[in-house]
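Heads up: the sequence lines are chains A and B, in that order. Per numbering that gives the first Met the number 0, the first sequence starts with residue 0, numbered consecutively. Per numbering that gives the first Met the number 0, the second sequence starts with residue 0, numbered consecutively.
One thing to keep in mind: the hints can contain errors.
[Said to hold, decoys possible] Just so you have them, the derived chain A footprint on chain B, three or more residues with Cβ under 8 Å:
no., region
1, 115-129
2, 149-156
3, 190-196
These aren't lab readings, by the way, just hints derived from the structure by calculation. Idealized CB from N, CA, C, for every residue including glycine.
So the chains spell out like this:
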Amino acid sequence: MLRWSAESTGREVELIAVCDPEADSKLVAGRALAAAGRLGSAITAPDASAVELVASELGDGAAVDAAAVAAAFEGLNRIVDGVGLPVSRASRRDDADIIESLGLDQFPHAAQ
Amino acid sequence: MSALASHGFPIRADIAARLTDTWEAFGRPGTWYTAEERLGFAELARSVRSGLEVEVNDAASAVVVRIAGRPATTTRSWVDEMVEALAEEQYVELMGISARVVMGDTFLRLLGLEPMPFPEPQAGQPSRIRVEPRPKKVRSWIAVGPTLVPPFTQVLVPDENAITYPLIETLYMTGHDMQDPNFRRGDLHRTQIELVASTLSYGNECFY
C-alpha cells in the first residue's frame with residue numbers, strides 16, 4: 000500500500016525506511032512517523048516519545064492519527080496472522096522485488 | 000473513560016466513541032463466552048502484551064497468549080490444534096478479544112496514557128449463534144469469506160466482526176477510503192499513513 004499510494008500520487012518514497020531506522024523515507028516527517036510505527040509494535044507501557052516527535056513536525060492532530068494507525072495495525076496483524084490469511088498470488092508476484100529486498104521472505108508466514 | 004479526557008493530545012471524537020463502545024462490549028456476553036470469561040481473556044491479553052510472562056494450561060488461554068503476544072508465530076498446525084480443542088468459532092472470538100485489547104492499549108500507550116480499565120461484567124449467557132451456511136476454508140487456516148481480505152476474517156462470529164472491524168476502520172480508514180491513494184486523515188497523507196502501518200507491520204514480522 001505504501002508503494003502503491005506513493006506511485007499513484009507521484010510521491011517519492013524509499014521503502015528501505017520501513018526496516019532501516021537510519022534510512023530516509025523521503026516523506027515529510029517520515030522519520031518521526033516510522034518511529035511511531037516501530038514503537039507501536041514494541042510498546043509495553045505508556046511512552047509518548049514517538050508521537051511527540053510527530054506532533055513537533057505535523058501537529059497534535061497528526062500525532063493522534065499516527066497513534067491510531069499504529070494501533071489499528073497492531074490489531075490487523077494479529078487477525079490476519081491468527082486466521083492464516085494468505086497474500087494473494089498476484090500480490091506476491093507484483094511485490095516480489097520488495098519482498099526480497101526488504102527480507103520479508105524471511106518472515107514466519109512467508110512460506111504460506 | 001477518564002483516560003481519554005485527561006491528557007494533552009486531542010483525541011478525535013469518533014475514536015473516543017468507538018473505544019468506549021469496544022470496551023463496553025468486553026463486559027457483555029459474547030457468542031461463545033460469558034462476560035466474565037471475556038473479561039478474563041481481555042485481562043490476559045493485556046498482561047501478555049504488557050510483556051508479562053504468563054503460564055497457561057488451557058487452549059483458550061493459549062490462543063489469547065499467542066495472538067496477543069507473538070502473532071507471527073502462529074502456524075497451521077498450531078491453529079489446527081487449537082481448533083480441535085475449541086472449535087473455529089471460539090478461536091475467532093478469542094482472537095477478536097485479543098486484537099481489540101491490543102489496539103486500544105497500544106493507542107493510549109503511544110499517547111503516553113495508561114490503558115483504560117475494563118467494565119464490570121453483565122449477566123447473561125452467550126448467544127451460541129452459528130453462521131449458516133458455514134463459510135468454507137479455501138487458503139486460510141480459519142474459514143473466512145466471501146473473499147480473502149481482513150474485513151471477512153471473523154465471519155464465523157458476526158458479533159465479533161461487528162465490533163472489531165469498525166474499530167479498525169475508525170483507527171485506520173474505511174474500505175471506501177482505502178481505494179483512494181490520495182486519502183488524507185487530517186494532516187496525514189495516505190503515504191504517511193502507510194509508512195506508519197508498514198513500519199509497525201515489519202516490527203511484527205507480519206507478511207500479509
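Structure-based check of each hint:
1. Counting residues of the region 115-129 of chain B whose CB lies closer than 8 Å to any CB of chain A gives 0, so the stated coverage by that chain is violated, three being the minimum.
2. Check on the region 149-156 of chain B: 3 of its residues sit with their Cβ under 8 Å from a Cβ of chain A, so the three-residue criterion for coverage holds.
3. With 7 residues having a Cβ less than 8 Å from any Cβ of chain A, the region 190-196 of chain B passes the three-residue criterion, so the hint holds.
Checked against the numbered hints above, the structure violates only hint 1.
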